[in-house]
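Protein chains in written order, with my numbering: chain Z, 94 to 416; chain C, 6 to 441; chain F, 170 to 558.
In case anyone wonders, no lab produced these hints; they're calculated from the structure. Please note that the accuracy of each hint is not assured.
As the list claims (entries may be wrong) - Listed next, the in silico DSBU-like pairs over lysine-lysine satisfying Cα-Cα at most 30 angstroms (straight line):
| hint | chain 1 | residue 1 | chain 2 | residue 2 |
| --- | --- | --- | --- | --- |
| 1 | C | 379 | F | 418 |
| 2 | C | 121 | C | 191 |
| 3 | Z | 380 | C | 429 |
| 4 | F | 342 | C | 211 |
| 5 | C | 121 | C | 357 |
| 6 | C | 357 | Z | 380 |
| 7 | C | 375 | Z | 380 |
| 8 | Z | 380 | C | 427 |
| 9 | C | 375 | C | 349 |
| 10 | C | 241 | Z | 380 |
| 11 | C | 191 | Z | 380 |
| 12 | Z | 380 | C | 379 |
| 13 | F | 388 | C | 429 |
| 14 | C | 216 | C | 433 |
| 15 | F | 388 | C | 121 |
| 16 | C | 433 | F | 388 |
| 17 | C | 433 | F | 271 |
| 18 | C | 427 | F | 271 |
| 19 | F | 342 | Z | 284 |
The primary structure of each chain is shown beneath.
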Amino acid sequence: MDSTQFGEALSNSLSSSSILILAALGLAITFGVMRVINMAHGDMMMLGAYTAYVVTDRRMLPRALNHLLGLIGIDADIDLNIFVAIPASFLVVGFVGYLLEVCLIQFLYDRPLDTLLATWGVGLIMQQSINLTFGANLVPMHLPEMLQGTPEILQGTAFAIPSLRLFIVGVTLFCLFGVYWWFFQTMSGLKIRAVVQNREMAAALGVSTRQVDSITFAFASGLAGVAGCILAHLYNTKYNMGGDYVVDAFTVVILGGMGQLAGAAGGGAAIGTGNSFIEKLLSVFTKMDSPAAMAKFFILVLVVGFLLVRPSGLFATKERSYD
Amino acid sequence: MIHHSDSTRTPGSTLIRIAWTVFAGLFAAMLPFVGIGCKKSTDSDNTVKVGILHSQTGTMAISEKPLIDAEMLAIEEINAAGGVLGKKIVPVVEDPESKFTTVFPEKAKKLLLQDKVAVVFGCWTSVSRKNVLPVFEEHNGLLFYPVQYEGNESSRNIVYTGAAPNQQIIPAVDWLLSKEGGSRKKFYLLGSNYVFPRTANFIIRKHLKEKGLEPVAEEYTELGHKEYQQVVQNIKKANPDVIFSTINGDSNINFYNELAAAGITADKVPVVAVSVGEDELRGLDPSKVKGHLAAWNYFQSLDTPKNKEFVKKFQAKYGADRVTDDPIAAAYAQVYYWKIAVEKAGAFDVDKVRAKLGEVEFDAPEGRTKLSGKNFHTHKSFMMGRIRDDKQFDIVYKTDPIEPDPYPQIAFPGWSCDWSDKNKGLVKGTPVKIGS
Amino acid sequence: MTKSAPETTVPDTHTENSAIEASGFPTGRFVVFLVLLGCLYSPAFFLDPFYRLPQFNRFLALALFALSVDLIWGYTGLLSLGQGLYFGIGGYFIAYSLKLQKAALDAGNPAFGRYDWGPDMAMTDYMFQGQLNEVPLLIRPLINIYTAGFLAVLVPTLVATFFGWIVFRSGIKGVYFSLVTQALVFAVFTIISTQRSYTGGVDGQPGLANLELFEFEFKNYFHLNLVIVTILCFFALLSFFLIQSKFGKILTAIRDNEFRVTALGYDTAMYKAFVFAFAGLMAGVAGALSVCATKSAGPQFFSIEESITVVIFVAVGGRGTLIGPILGALLVSVGQDRINSEFTQAWPIILGCLFIAVVVFLPDGIVGGLTRAAKWFNRPALDPEPTPT
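Bound-form chain Z, shown alone (with noise of 0.2 angstroms):
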């Protein structure tokens, strides 16, 4: 392996870390921190897609807009980008998160495991109304000019990084930081970790502890939906495009242990570079003809047998059983 492709491999690590981390985000507050099993957190991501394709679309909302101002005489063009989907993303799919936290979660916090086919179920629901609302087929989605491409001092280096990858880098690192401070420096942060720790104890310290979990669920979500947004002009937008990342998320998260934000990024990293590395030793040292699937087995061994060992995953939490 020459300099080129370890340069080639660190820089596939840093953009397949990064989408990791920025997919698992919003499931290591629902599950790591919340522990709600939540199957439909791939579903919110696709929720967060179509919010996207649905505010970037020049046939849809842009059109519409116009066509309202054209009403009062305001003769517009306006023309929305993947920067006004993101908020969008943020907030609609948050709210789809509450309503789901108030009308279903709430029942179920003290049985975790009926979280999961609750919101199995809710996901089946999501993906199919989107297929009958927009059809089955691929949605496109549009970039604008300053995302596509390859910047042009990285072109022919090794470290030649699409410019959306490196856009999605400070995104994750822009949620990441963002969640940190949340939780460890402002007041609803210390609620939401002394709801976490005791929960009675902080209701009895005056504490709105349903307030609490709504909101928090409502954020987690809202993050889902801005990991959809952006993926989706990444990859394909379709409406069972839910289950490619949520095995992914949720590994990431079990990896990097449970109620530690560090370790939804220690998995991330983990996970991403293992993974582009793998896959570059066997494609420059086999004659393997699809080395993707097979770095994808390995890691996924490894995680199995990682966690067979240490069951507490990369970053333990002082706790001494984790069910």
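Position chains C and F against the provided structure of chain Z, taking the given hints into account.
What follows is chains C and F alone, placed relative to chain Z:
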């Protein structure tokens, strides 16, 4: 633990009452479905049932749903024009849920044995076709299959209305080798890891070998693969003249996105795809795929009156944003093939219809087509299209209709098939190893 | 087991009148159970033999699969999201056998009978298409259906034992257990769908030969149905006695309060590993039967969706009951088939609503709900309503 906590939490009988209401409601809701199996066809004298077997849910729904639309359009037209042999066609649409090994054969059996359909239009993937094939052979059904496929198969019970390998893959390679196609020598073979790309690449390798060439690489990714960074780096390193892509389904979007982001454009290294049609392009930003090529036997942009009429009718029925592509056009045409064969036979009986398949000729959207009585494939013209800004294709090359051959001799020596001659049938040569 | 554990009265949450039943064998329930199992023989006599019956056979195999999940989830509290692994292994062994037999029959080589193996035995189509020159050494003996059948039972059991032993030793429980099993089955799915030459890849192994046992070819599905129902009844009864035994009581106790069971001196990991292995065995048999019924096998056995579907059968039917998973598997499968024929598009929505309704309103499934309802209607007239806690 679950039961324990629950039984202690149960607040008296209120919850039980709610539960009972819902439970009873569920059963009441299911009641209407109890007798579904025993539907009586009331006026069977005036109707004929046909089966439609395409996934409407699951992974393949994206590809297969438009085919149902096309088939329904054809059925509607035929019914409006008086039906077949004076009988109206009643479609029985079944959803095999993209479950190839379990639900596909079961639904095929249901259509043949319970609904007693005269014919089935269905399937997309080779896996599903191979799973329903024994059912159709056992119960002597007739399946019209509208998608291009890998060849190396022949059955008296399947009519292949998509392209055989010698109508799509081989002419595409020939054109790329020709001066007009850019005299390309370094082929990068990239496909999804299943039977169609494997066989297609095998045929390409054999064909190139005959010209004294060898592909620079052959690589596979799983169906639905997302991350194409590594593949694109491999492509850059191999520096091919052309990428021959047999990637199937939505992975194509990821692949083209990554290729565009890495700055590999069509004027440097074009991608020739055999599974990317107008319908797949709907999910792509046109700026990323402009100039790349696709090999098919039909394009929506085909400038014939018959095609324009078809596109117009399709869009009028399903929306102006809908597009047609090769499998859609084949799905539409195959209903007419069956109608013509039935009318020539004067009966719906499978054996009688089969005997007349060789006489079927039709003005399909793709041009004048006819079925081969030998192997029940379709005579088709090959076309090479270049992707435009509006996600349509410029047809850069078009041949005369090519006779279909499921067993190209360069790849499958000694194999042939002629169902019109009772003494021949399927002639098996030595089994062929397809691996690299 | 020589441990002289005291006869503890482990609280059985399902039989509120356990005080009466704890002393003896629940004859009444056993008879009802036998009658219900006996009913499974009847559909074979009136179902359409070509279409409905093979489908019913597949549903029965799924019922056995659901029973295995119920044993570890309903009774022991271990929710496996990767039970498809054992189902798939069992299924693939039989599929190899029938596929190789099919290849041998198709090749028509007179020197080679249906069960003979050697370096020049007929290769399956995917092996031809792959890079192989001959049938791999390890796969060759599988052409013998008895060898394959034996391995289809043994290997899932061994894998489950090995995996269960490590998992339960390292103290992985609850949600962690579910997700580790899920990751494992996903890993196997990846490798099965990649290794085309050896496994058939994503195309799987379609077009299998008919099952032939003791020179009797199961050409029609009626005989196969009898075999499948009998095997299902056998395992259901075995589970019944297992649950009734002291061993079963300990499993339930582990589910309800593992800590207390440990404190009483039991090695809970051993118990869990055993029941997990037993469930693995049952899942393997279910997979084998499913392949015989559909004459096809594919990597979706190992898909996560498949494993979750079975969990849903159990949840709908009633976890912690033995008739529940069987009923759930049959009802949901039949319902899916029927509704899907009528309202194709709406089916996933109906299914989703069903899960949510079951989880929220009927946490112990249809059977549990019926039991509760029966008790509610039969409550003593003057018994005051229990005060809500």
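Now the hints, each set against the structure:
| no. | hint | result |
| --- | --- | --- |
| 1 | C:379 - F:418 | 68 angstroms, violated |
| 2 | C:121 - C:191 | 52 angstroms, violated |
| 3 | Z:380 - C:429 | 42 angstroms, violated |
| 4 | F:342 - C:211 | 54 angstroms, violated |
| 5 | C:121 - C:357 | 16 angstroms, holds |
| 6 | C:357 - Z:380 | 52 angstroms, violated |
| 7 | C:375 - Z:380 | 44 angstroms, violated |
| 8 | Z:380 - C:427 | 46 angstroms, violated |
| 9 | C:375 - C:349 | 14 angstroms, holds |
| 10 | C:241 - Z:380 | 18 angstroms, holds |
| 11 | C:191 - Z:380 | 19 angstroms, holds |
| 12 | Z:380 - C:379 | 41 angstroms, violated |
| 13 | F:388 - C:429 | 29 angstroms, holds |
| 14 | C:216 - C:433 | 26 angstroms, holds |
| 15 | F:388 - C:121 | 22 angstroms, holds |
| 16 | C:433 - F:388 | 26 angstroms, holds |
| 17 | C:433 - F:271 | 16 angstroms, holds |
| 18 | C:427 - F:271 | 25 angstroms, holds |
| 19 | F:342 - Z:284 | 28 angstroms, holds |
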